[in-house]
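Quick mapping for you: the protein sequence lines, in order, are chains L and C.
Here the first sequence stands for residues 1 to 65, where the numbers follow this note's numbering.
Here the second sequence stands for residues 1001 to 1198, where the numbers follow this note's numbering.
Any given hint might turn out to be false.
Partner residues aside, some chain L positions facing chain C, computed with beta carbon under 7 Å [unchecked claim]: (1) A21; (2) V33; (3) V36; (4) S37; (5) A40; (6) V41; (7) Y42; (8) R44; (9) V51; (10) A53; (11) A54; (12) A55; (13) A56; (14) G58; (15) W59; (16) A62.
Each pair of labels, with its calculated beta carbon distance range [unchecked claim]: (17) L26/L - P1079/C: 38 to 46 Å; (18) V1074/C - T32/L: 45 to 53 Å; (19) L1030/C - L20/L: 27 to 35 Å; (20) A40/L - L1019/C: 17 to 25 Å; (21) L1087/C - A43/L: 26 to 34 Å; (22) L26/L - P1060/C: 38 to 46 Å; (23) A29/L - S1041/C: 18 to 26 Å; (24) V36/L - P1077/C: 25 to 33 Å; (25) A29/L - A1072/C: 32 to 40 Å; (26) A29/L - A1047/C: 17 to 25 Å; (27) R1111/C - S25/L: 17 to 25 Å; (28) T39/L - V1090/C: 43 to 51 Å; (29) W1095/C - V36/L: 24 to 32 Å.
What the hints contain is simulated information worked out from the structure, not anything from laboratory work.
For each residue, glycine too, the CB sits at the ideal point set by N, CA and C.
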Amino acid sequence: MTEARARSALGSPAERLLGLAVSPSLIAAAITVAAVSVTAVYARDLPVWLVLAAAAAGWSSAWSP
Amino acid sequence: MAFTINPAVSGASYRRWSLHAGLFVVGVGLGAMVTYAVTRSLYRLLAIAAPASWLAIALPLIALVALRDLGAQVPVPYPARQVPEWLRHVLSPGWTAISYGSQLGTGFLTRYTYATHAAFVALLATQSSVTVVGVAVLAFALTKSIVVVSSLAGRSYSDFEQGLLYRHRTRGQATLRAANAALALASGAVLVTYLLHG
């Protein structure tokens, strides 16, 4: 399988856009921004951290080789 | 997971695939609730002595998984297995979605993913509010299903497989692991504050 064919297998631009949802860099950036925001506003609010950890755990596992 | 619940694999229409994706979310939620029931029982048992006793389990667990995400080859309490592949050959697509979802949702029946899962479980066990537990489990189930709903591509299984493998070659895994480790450690620190100072 060549690189070009593998790339084309991703399909339409819309499908490629959906693929961004599992981009590890994007997920990492989202986690970092959310964590910094929570630290600034809800630093000691455990339920907020719980939901953040839950979302991070779920979304990160989208990129689990 | 996306290799299993996908029209290119199940042969289902996109409409039925939407139902399968929904069933997968339900399965993940059920699996996470089973883990919550077990860890909550353990937490309550330890809390008889003192709620802070939970830290004796939670902190080493979070430390280990954070170290793993930072590259250390430390042991973590996850088996080195995936959901059995044969399940999708013997179950209907709907039951496959529920079965895969529930096994992945428990988190400890399949191989290690990221440090935030352990942090999620450790923090969840301390909570008794139906609303807080429900929102957290729902957040976990919905985000864990992103991989399913983002994998529409697939005119054939071969094309679909190659496309997904191409995605997985994208760089950034080390960054993702570092972000997860940092968030897990921060969550652990909040847990310490919560249990020691209320």
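For which of the previously enumerated hints does the structure constitute a violation, in increasing order of number?
2, 3, 4, 5, 6, 7, 17, 18, 20, 21, 22, 23, 25, 26 and 29
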